[in-house]
Amino acid sequence: MTYLWAFIVGGILCVIGQILIDKTKLTPARILVVYVVAGVFLTLVGAYEPLVKLAGAGATVPLTGFGYSLAKGVMKAVEEHGLLGVLTGGLTATAGGIAAAVVFSLIAALIFKSKEKS
Amino acid sequence: MSTKHIGKQTAQLASPPTITETFSVVGSKEGNGPLRTYFDEIVEDNTFGEDSWEKAESKFMSTAIQKVVQKASLSTSDIQYLLAGDLLNQCSSAHYAVRDTNIPFMGIYGACSTMAEGLGLAGLLVDGGFADHAVATTSSHFCSAEKQFRFPLEYGGQRTPTAQWTVTGSGAAVVSAQGGGPYITHVTTGKVVDMGISDVNNMGAAMAPAAADTIAAHFQDTGFGPSDYDLIVTGDLGMVGRQLNIDLLSQQGYEVSDVIDDCGCMIYDFETEDVHAGASGCGCSASVFCSKLIQELRSGAIKRLLFVATGALMSTTAIKQGETIPCVAHAVRIVTDKTN
Amino acid sequence: MQKQEYKAYAEKKSPNSPLWLNMLKAFLIGGLICVLGEGVRHFYTNWGLSLEEVAAATSITMVFLGVLLTGIGIYDNIAKHAGAGTLVPITGFANSVASPAIEYKSEGYVLGVGAKMFIIAGPVIVYGTVASVIAGLIYYFIH
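Chains C, E and V, in that order, give the protein sequences. Just so we're aligned, residue 51 is where the first sequence starts under the working numbering, counting upward by one. Just so we're aligned, residue -7 is where the second sequence starts under the working numbering, counting upward by one. Just so we're aligned, residue 213 is where the third sequence starts under the working numbering, counting upward by one.
Keep in mind that the hints were calculated from the coordinates and are not lab data. Honestly, I wouldn't trust all of these hints.
[To be verified] Derived lysine-lysine pairs resembling DSSO-like cross-links, with alpha carbons at most 30 Å apart:
no., chain 1, residue 1, chain 2, residue 2
1, E, K312, E, K63
2, V, K317, E, K47
3, E, K312, C, K165
4, V, K215, E, K0
5, C, K167, E, K47
6, C, K73, V, K317
7, E, K47, E, K63
8, C, K75, E, K330
9, C, K73, E, K47
10, E, K295, V, K224
11, E, K183, V, K292
12, C, K165, V, K328
13, E, K0, V, K219
14, C, K73, V, K224
15, E, K312, E, K0
16, E, K183, V, K219
17, C, K75, V, K328
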């Protein structure tokens, strides 16, 4: 059942992005920024957690889910370490994804060449 | 006291120079298109054996320069001026392409209008008696243009229906004082026109007003009209800009739809090649002019041509700062019979 | 024609993106990527990882897939159709890091790959981090 919800919720989050691309002047980079920031604040107010419970990866794989991880991380760190956690929590929780992107991309740059499109 | 200037923007050449020879070299996508039989050389490997897109583009241009001089049975020491430019920052393709030629060089930048700008300037230099032979050339490369103006090639983006595909290729022309034509008789220099378009994925709409402005100025200055031409060809307006140009000219009382075409609508096959609104890039008008158009002038299929290359003079920095896109178009009148 | 008038006219004459078709493709492909992510999540859960470990391992796996498909030149071909369907998932984030890394290799590993890797994805990290700090502060004071 979570697979179906993952498909529906993930798909809808992408459709919202598509509408923003086609109907507004927002560039893809701006849309991603909006998604991450929205994910952070929706999580803070408790609105995103139910979506994650319902749809699993359907809510965590879209970039709003990156915002969700940032917010959850910072809230947990604040609980454990107080004010210091404000600065350490977000990136700690998302370190895996970011480090993976950096390392895998470097390896990709070593192996692959930029290719012609057609 | 100028004696060869007529009207506001047009030079009328006293002894019309001849376009002695041209050479076109294009990439594989262009080589698969409808003009495949017209190009002098088609390069299947778009890296052209180089290790970067920028070097590849430069090699397209250096190939065009070398081979056009050969084809004209001249040597590089016979060429008194080389006029070249391209789209990359500091016109780097041109500078590296001309590095080893030993020809006196003038760098020009007109974005995609560069071929008409170069051809027009070469005509002025030769007609002015400053040169027996001058070469005009320009180039573009899809990959180097994407990298500089848009996104890395592997980036997953979606092109809009108004987006145009940058031509990989180069064209070069030798303009000479003596010869049997085709002749350059008039050069109409465009003004920078900016009608407030800021969408970099709709260059055709941005450039159409510049094309219409220059064509209308040419008609006013020379007294010619649409019926004095077999073909009026714009550079790379694409499907959207082509129609806007026709509409804008119609509003000024010039009905050009029967004689107009656009290089950006000619080079690719819209059915089989996924190019959206058409082609763009300096190499578009250059390679189409130096292949199909020149051959039709030689065969007599076209006797009177107005070649109007159009350029979107945009800077990625200025666009990010909220600026709109300034555009320019230059027109060169080319005829097979100079008394005509 | 005045500027405003021309702008409106040009917009009218320019074809629009096929919104419904684009939305459908974004929904299907974006949804499928999330289903794949859900499969990865289940895999790590069944493997006995903790909730937090599952989240991190899933991100890492999806990023890996995004980078791999970018490297072998497939991601951009899917994205041409999927639009936001490949942009919004974390695989799109991976694509936007890997594609400049590969493209700018010709300018060297330090000033090319290293410096240009985040030209597209940088803002996501910057504003995501800033948003998390602001959220953290708010949480600190209300908690």
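Outcome of the hint check:
With a CA separation close to 44 Å, the supplied pair E/K312 and E/K63 exceeds the 30 Å bound. Between the alpha carbons of V/K317 and E/K47 the distance comes to roughly 14 Å, so the proposed pair stays at or under 30 Å and holds. Annotation: proposed proximity of E/K312 to C/K165 holds, straight-line Cα distance about 27 Å (limit 30 Å). Annotation: proposed proximity of V/K215 to E/K0 holds, straight-line Cα distance about 23 Å (limit 30 Å).
Our distance criterion of 30 Å between C-alpha atoms is met by C/K167 and E/K47, whose separation comes to about 18 Å. A hinted pair counts as satisfied when its Cα atoms are at most 30 Å apart, and C/K73 with V/K317 does not qualify at roughly 35 Å. Of the supplied pair hints, the one linking E/K47 and E/K63 holds, its CA atoms being roughly 24 Å apart against a limit of 30 Å. With a C-alpha separation of about 50 Å, the suggested pair C/K75 and E/K330 falls outside the 30 Å cut-off, and the hint is violated.
Note on C/K73 and E/K47: the hinted pairing is violated, with a Cα-Cα distance of about 38 Å set against a maximum of 30 Å. Between E/K295 and V/K224 the alpha-carbon distance is near 36 Å, which puts this suggested pair outside the 30 Å criterion. Note on E/K183 and V/K292: the hinted pairing is violated, with a Cα-Cα distance of about 37 Å set against a maximum of 30 Å. For the hint pairing C/K165 with V/K328, the CA-to-CA distance comes to about 18 Å; that is within 30 Å, so the pair holds.
Between the alpha carbons of E/K0 and V/K219 the distance comes to roughly 27 Å, so the proposed pair stays at or under 30 Å and holds. Among the hinted pairs, C/K73 with V/K224 is consistent with the structure: their alpha-carbon atoms are about 14 Å apart, no more than 30 Å. Of the pairs offered as hints, the one joining E/K312 and E/K0 is violated, with about 34 Å between alpha carbons and a cut-off of 30 Å exceeded. Proposed proximity of E/K183 and V/K219 is supported: the alpha carbons are some 19 Å apart, at most 30 Å.
The hinted pair formed by C/K75 and V/K328 meets the criterion: a straight-line CA distance of about 25 Å does not exceed 30 Å.
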